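There are 2 protein chains.
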Amino acid sequence: MAKKKEQPIILITNDDGITAPGIKNLIEAAKTLGKVVVVAPDKAQSGMGHAITIDSPLRFDKIDLFENIEAWQTSGTPVDCVKLAVDKIFHRKPDICISGINHGANHSINVIYSGTMSAAMEASIESIPSIGFSLLDYRLEADFTAAKHYAHQIIKTVLANKLDKHLLLNVNIPAVSIEKIKGTMICKQAYAKYKEEFEERKDPHGKKYYWLTGKFVNFDKAKDTDAWALKNNYVSIVPIQFDLTNYPLKKILEKKKLFK
Amino acid sequence: MAKKKEQPIILITNDDGITAPGIKNLIEAAKTLGKVVVVAPDKAQSGMGHAITIDSPLRFDKIDLFENIEAWQTSGTPVDCVKLAVDKIFHRKPDICISGINHGANHSINVIYSGTMSAAMEASIESIPSIGFSLLDYRLEADFTAAKHYAHQIIKTVLANKLDKHLLLNVNIPAVSIEKIKGTMICKQAYAKYKEEFEERKDPHGKKYYWLTGKFVNFDKAKDTDAWALKNNYVSIVPIQFDLTNYPLKKILEKKKLFK
Chain A
300 MAKKKEQPII LITNDDGITA PGIKNLIEAA KTLGKVVVVA PDKAQSGMGH AITIDSPLRF
360 DKIDLFENIE AWQTSGTPVD CVKLAVDKIF HRKPDICISG INHGANHSIN VIYSGTMSAA
420 MEASIESIPS IGFSLLDYRL EADFTAAKHY AHQIIKTVLA NKLDKHLLLN VNIPAVSIEK
480 IKGTMICKQA YAKYKEEFEE RKDPHGKKYY WLTGKFVNFD KAKDTDAWAL KNNYVSIVPI
540 QFDLTNYPLK KILEKKKLFK
Chain B
300 MAKKKEQPII LITNDDGITA PGIKNLIEAA KTLGKVVVVA PDKAQSGMGH AITIDSPLRF
360 DKIDLFENIE AWQTSGTPVD CVKLAVDKIF HRKPDICISG INHGANHSIN VIYSGTMSAA
420 MEASIESIPS IGFSLLDYRL EADFTAAKHY AHQIIKTVLA NKLDKHLLLN VNIPAVSIEK
480 IKGTMICKQA YAKYKEEFEE RKDPHGKKYY WLTGKFVNFD KAKDTDAWAL KNNYVSIVPI
540 QFDLTNYPLK KILEKKKLFK
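Just so you know, the protein sequences line up as chains A and B, in that order. Under our numbering, the residue at position 21 of the first sequence is numbered 320, and the numbers go up by one with no gaps. Under our numbering, the residue at position 87 of the second sequence is numbered 386, and the numbers go up by one with no gaps.
Source of the hints: derived by calculation from the structure; they are not laboratory data. All values reported here derive from a predicted model rather than from experimental measurement.
Where chains are identical, the list cannot tell them apart; a pair therefore holds if satisfied intra-copy or between any two copies.
Here are the simulated DSS-like cross-link-like pairs (lysine-lysine), alpha carbons at most 25 Å apart as the crow flies:
#1 Lys494 / Lys520
#2 Lys387 / Lys506
#3 Lys392 / Lys455
#4 Lys559 / Lys464
#5 Lys530 / Lys481
#6 Lys481 / Lys554
#7 Lys392 / Lys464
Please construct the entire structure, taking both the sequences and the accompanying hints into account.
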């Protein structure tokens, strides 16, 4: 008799916290594709980037929140969640790590601020193929129908194809109904970013404080960017790397010999 | 009479907080090269990665801490400092942003966890040439003599040469006396990272908690990496980019047409 093939282990995390609707939708998208284990922050951690917790200890507790799904919550950041999961839970490397579904966009430059993407990147550094999913609707009551559908398809495809042990995809889903979505598009990260404006206010004691606000501006004219794809109702898929070396500039600097 | 040339504006920040010895040494390294303005966190922010403050407002106050130097402290992260400085302080873009000198290494994969480097990256995104400096000695009483010397040389060189409007350098200085340092080396980011081990403890109430610890392991055999340079007593200089697109993988995925 043939040995029964072990099901894939799917690690799920996010940065909106374990009670966010987005993670529930991601669990639903993935649960028929393998054994799902959830390790997520016990509170929202948006904009945490690749923050890790060094100066304080972490809490890490099993929680009965999703039917028939092993789940853990931590007091740490999204990256801490992946580190804890890899060190403390699994007897072997998970087959995939998926993060999200984020409430709000993580395309263009946002990839570097995003806790969702940082958690996925942390797994990719650990040689676990990873995907971050984000829906372009930050509201708690956002409609995840299309996001869930595409997440399922993309996870299934990544599990079925050996692509790269450090595979890391940044997937964003436009906030339109599923009928309007034209499919997926492989993209590059757009040079599009927030133009910050801090709003000044005064507290009841007359002391100033500032809220971060801003307008999103796309400086990138190319048509293979994630910003372009999303504007044209495609699901954008950007392959991401964690080697940040600027190789062309490295070559130039080596030639110029400017630094003694 | 020729118009007097305006001096370069040098924005200084860090992630160890405005009272850390490292930032004082960086000010000393830079102050003869232009008009220095300091905007730094009011407390240590190590390991904050590219975190930004969205859900709470920021305090932002002028502080008289360094002789004849304009200085501001903020309640935010290193990235918040750069955003606030660009929006609220300057009448024009600073000519350079320098971050550090960090107490502790930021080579290899650490570039993505580092608040020091994220602050520099934020400036680079804003088209301000930027450099992050880190000394391989995390102690408060570390000897910054060599770090200060090389920081001065490198800042001077970057100010004197138009290299790239998004120039971003990750500079690490070995923790040895200046006589032992062999010079600088242009490098790539090593694939070297921490192997995490969370240390489990119990609080006085018997509940478990975890401290992040780990061993640094270099998996990279190449001799042009920052890890190699530092081990061999060179100051490592890695040019960094904020476009995280994995272009070779993008090409492969476009060809394979796996995602519908």
